[in-house]
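Chemist: So the chains spell out like this:
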Amino acid sequence: MNHFILILIGFLVATPIANATETDSVTVPNTMAERVKACTICHGDEDRAGRDAYYPRIAGKPQGYLFNQLLNFRDGRRYYQPMAILLENMSDEYLLEIAHYFSSLKLPYPPPEHINLQPEEIKLAEQLVFSGDPERELPACSACHGDNLMGVEPFIPGLLGLSRVYIAAQLGSWRNGGVMRGQTPDCMSEIAKQLASDETNAITKWLAVQPASGNPNPVTALAPELAHRCHSIVQENGAAK
Amino acid sequence: MKYLFFISIASRQKAGALFFSCILLMLLTMRLMAADTVIENPDLSVLEQQQTLGAYLTRVGNCMGCHTAKGGQEFAGGRRLSTSFGIFVTPNITPDEETGIGHWNQEDFWQALHSGKSRDGRLLYPAFPYTEYTKVTRQDANAIFAYLQSLPAVSQFNPPSEIHFPYNFKPLLSIWRTLYFKEGIYEPDEGKDEEWNRGAYLVQGLGHCNACHTTRNLLGASEGDTLTGGQIMGVNWYAPSLTSHLEAGAGDRTIEELAELLTTGISERAVASGPMATIVGQSLQHLTPEDIRAMAVYLKSLGENHTNDSNGTSFSVTTGSLLKQLKQGGQLYEQYCQECHGATGEGVPGIYPPLANNRSVVMDSPLNTIRSVLNGGYPPTTAGNPRPYGMPPFQQILRDNEVALVVSYIRNSWGNNAGLVTAIDVGRSKGGDH
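Line by line, the protein sequences give chains A and B.
So the first sequence is numbered by my numbering: it starts at 0 and just counts up by one.
So the second sequence is numbered by my numbering: it starts at 534 and just counts up by one.
Some clues are possibly wrong.
Unchecked claim - In silico lysine to aspartate or glutamate, DMTMM-like type, Cα no more than 20 Å apart, as pairs:
#1 K860/B / E872/B
#2 K603/B / E92/A
#3 K36/A / E872/B
#4 K603/B / E695/B
#5 K725/B / E823/B
#6 K122/A / D74/A
#7 K192/A / D132/A
#8 K650/B / E640/B
#9 K963/B / D933/B
#10 K715/B / E695/B
#11 K36/A / E867/B
#12 K725/B / E695/B
#13 K105/A / E152/A
#14 K603/B / D132/A
#15 K603/B / E189/A
What the hints assert, rightly or not - Simulated restraints, written as ranges between beta carbons of each label pair:
#16 Q672/B / S103/A: 49 to 57 Å
#17 K857/B / G176/A: 26 to 34 Å
#18 E727/B / G176/A: 53 to 61 Å
#19 K603/B / S103/A: 23 to 31 Å
#20 G176/A / R920/B: 30 to 38 Å
#21 P692/B / G176/A: 16 to 24 Å
#22 G171/A / L752/B: 41 to 49 Å
#23 S617/B / K105/A: 50 to 58 Å
#24 G171/A / K603/B: 44 to 52 Å
To be verified - Coverage of chain B stretches by chain A, computed from C-beta distances (three or more under 8 Å per stretch; other residues unrestricted):
#25 902–911
#26 916–930
It should be emphasised that the hints constitute simulated quantities derived from the structure, not laboratory data.
Ideal Cβ placement from N, Cα and C applies to all residues, glycine included.
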């Protein structure tokens with residue numbers, strides 16, 4: 000009996016000590032935010048320019064768009080080695096959950112950039128952004144990316160709230176064979192190749208100075224012929240998953 | 534029939550002994566097969582049963598891993614394997630008549646897997662690990678072939694391999710084979726039990742663990758003892774020794790712990806990263822618990838045989854400038870690493886691996902630790918760990934000298950004792966897949 004009491008006292012004394020050491024150790028929240036720390040170190044609350052690359056904001060972008068990009072990076076269709084290494088051994092299911100997590104975040108957009116645009120640049124940009132150029136079969140940006148240019152659910156990203164550097168880099172990649180290699184039809188590649196450098200420049204600057212507000216449009220906002228033209232993005236990937 | 538043929542050419546006395554050894558061999562082979570837990574379903578035809586077994590064994594051998602290009606059609610080849618001898622482009626092994634192996638028969642397949650020769654008699658380069666696959670039994674090879682032939686045929690021509698001079702001079706290959714290739718199926722060790730032998734059969738044969746976990750000489754051949762670890766050819770990762778207790782030798786691990794690591798990609802003390810994460814994700818997580826256990830039993834026994842290695846790079850910090858470096862590393866650790874790995878490198882079991890007393894952190898080669906800091910990574914998503922936590926990449930944030938400082942600190946704190954790392958080591962650790 001005495002032994003029993005001693006053991007009991009021992010327990011009572013030992014328990015607080017054990018607790019004290021536990022509080023010193025790392026506690027890991029069972030959340031997606033904790034699981035995606037490997038993503039948010041670069042893709043933080045805001046766009047972030049690193050030493051070697053520019054990391055766009057991913058919070059609040061359409062889920063289908065994010066999911067497609069994750070698959071494209073993992074499977075080598077969109078090439079950026081740091082992303083490829085991170086995603087190499089991740090399942091479709093988990094990537095979908097990650098895409099859902101980021102698309103559901105509602106973080107404030109960064110303020111627009113301050114860039115001087117000449118009046119003729121503004122005119123040229125607005126013409127292309129909202130009307131395109133029917134003679135060259137260039138669709139308006141707004142025809143696919145939404146009237147407010149904030150994207151179309153679930154697969155088309157918004158164009159506002161991005162930095163000029165990033166938009167220019169993406170248009171440049173599309174022009175040089177496509178951000179997505181070997182994907183046909185590659186509608187953005189076709190468009191970017193037709194744009195003259197002054198046009199690209201004007202659009203890039205103009206987009207970067209617009210304030211971002213509002214949400215992505217519903218998919219019904221998309222004209223059927225454009226949905227068809229870009230069906231590899233709009234339909235196939237979405238339907239397959 | 535084969536056995537009868539052999540007997541007819543042997544003398545009578547020898548025939549008796551030969552017959553006896555053939556029966557023994559058959560029994561042993563049956564024992565190897567008996568450990569297969571692919572359940573026999575009476576509703577399936579013999580061919581279907583063979584294909585089911587073949588599908589499983591194809592997973593064990595991870596044929597798909599190499600014979601599928603990134604994002605490409607499964608088994609249609611086209612994956613580029615860079616080695617110091619050039620780039621090997623893997624062939625299409627779907628049953629397409631023109632571009633795959635649709636016109637092959639069982640014998641052709643056996644010749645490739647067992648003898649390293651193509652259908653037309655051409656010698657195959659050992660980038661195809663027939664040096665290991667040769668240990669696979671004929672029954673298992675036939676089952677794999679039956680499964681591959683049941684796949685949808687994919688018409689896909691792949692570009693030729695780009696092998697450098699002089700390695701593209703084929704007669705060299707036959708010399709290489711004479712020196713380094715020992716043909717023959719796995720011979721069970723009579724002194725060990727069935728489970729151990731099954732594990733050895735899988736690890737040495739289809740699992741082809743030695744394709745990575747070995748030091749290769751200038752001619753690309755595995756050097757000395759098998760599974761003693763080495764830099765993986767063409768991949769900027771170090772595959773640790775599976776025999777040394779200073780590296781990934783598992784002599785002091787429990788079977789359960791090893792099985793958990795191999796199946797889920799993570800255990801209390803360890804995590805599969807780099808190419809090993811891929812192997813767990815693509816292959817090992819699909820193995821039956823019995824086969825994983827058998828592999829664990831065998832791997833543990835390898836570790837138990839090599840307990841007397843000494844750490845050749847014992848290192849102690851004595852001078853003031855070194856202490857200052859480690860202090861700087863400690864500050865970086867506190868800023869970037871401590872939140873997950875803890876103030877004393879204790880980690881969080883099953884989530885964030887401990888760094889204190891972690892052999893993959895303190896082993897001679899710092900390559901894997903440096904790469905983990907540079908590139909981060911996620912353990913594979915597996916049935917046992919479907920939503921893993923990840924390690925952020927720090928290449929974008931830390932400079933090479935800072936990575937060197939923090940890795941040096943980790944390798945020399947909380948009882949860890951290993952060589953310091955320089956910015957040059959960090960620079961060398963960049964590039965490469967995974």
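Chemist: The structure should be examined with respect to each hint, and the outcome stated for every one.
Modeler: Hints, verified against the model:
With a C-alpha separation of about 18 Å, the suggested pair K860/B and E872/B falls inside the 20 Å cut-off, and the hint holds. Restraint check for K603/B and E92/A: the C-alpha separation of about 19 Å stays at or below 20 Å, so the hint holds. The hinted pair formed by K36/A and E872/B meets the criterion: a straight-line CA distance of about 11 Å does not exceed 20 Å. A distance of roughly 18 Å separates the Cα atoms of K603/B and E695/B; the hinted pair therefore holds under the 20 Å criterion.
Our distance criterion of 20 Å between C-alpha atoms is met by K725/B and E823/B, whose separation comes to about 17 Å. Between K122/A and D74/A the CA atoms are separated by roughly 40 Å; this puts the pair beyond 20 Å, and the hint is violated. Proposed proximity of K192/A and D132/A is supported: the alpha carbons are some 14 Å apart, at most 20 Å. Distance restraint check for K650/B and E640/B: the Cα-Cα separation of roughly 11 Å lies within the 20 Å cut-off, and the hinted pair is therefore satisfied.
At roughly 10 Å between alpha-carbon atoms, K963/B and D933/B fall within 20 Å of each other, so this suggested pair holds. Simply put, K715/B and E695/B have alpha-carbon atoms about 26 Å apart, too far for the 20 Å limit, and the pair is violated. Straight-line distance between C-alpha atoms of K36/A and E867/B comes to about 17 Å, which keeps the hinted pair within the 20 Å bound. Under the criterion of a C-alpha separation no larger than 20 Å, the hint pairing K725/B with E695/B is inconsistent with the structure, at around 44 Å.
Restraint check for K105/A and E152/A: the C-alpha separation of about 15 Å stays at or below 20 Å, so the hint holds. Restraint check for K603/B and D132/A: the C-alpha separation of about 38 Å exceeds 20 Å, so the hint is violated. In summary, the hint linking K603/B to E189/A is not supported, as the alpha carbons are separated by about 25 Å, beyond the 20 Å threshold. Restraint check, Q672/B to S103/A: a C-beta distance of roughly 52 Å satisfies the suggested window 49 to 57 Å.
The beta-carbon spacing between K857/B and G176/A, approximately 49 Å, falls outside the hinted interval of 26 to 34 Å. Checking the proposed 53 to 61 Å range against E727/B and G176/A shows it holds: the Cβ atoms sit about 56 Å from each other. Between K603/B and S103/A the Cβ separation comes to about 29 Å, which falls inside the hinted range of 23 to 31 Å. Between G176/A and R920/B the beta carbon distance is about 35 Å. The supplied range of 30 to 38 Å therefore holds.
Between P692/B and G176/A the C-beta distance comes to about 19 Å, which sits within the given range of 16 to 24 Å. Remark: the range hint 41 to 49 Å for G171/A to L752/B is upheld by a beta-carbon distance near 45 Å. At about 51 Å, the CB distance of S617/B to K105/A agrees with the hint of 50 to 58 Å. A hinted range of 44 to 52 Å is violated for the C-beta pair G171/A and K603/B, which are about 24 Å apart.
Coverage of the stretch 902–911 of chain B by chain A holds in this model, with 4 residues showing a Cβ closer than 8 Å to a Cβ of that chain against a need of three. Here the stretch 916–930 of chain B counts 12 residues with a CB under 8 Å from a CB of chain A, which clears the bar of 3, and the coverage holds.
The structure is inconsistent with the numbered hints 6, 10, 12, 14, 15, 17, 24, although it conforms to all the rest.
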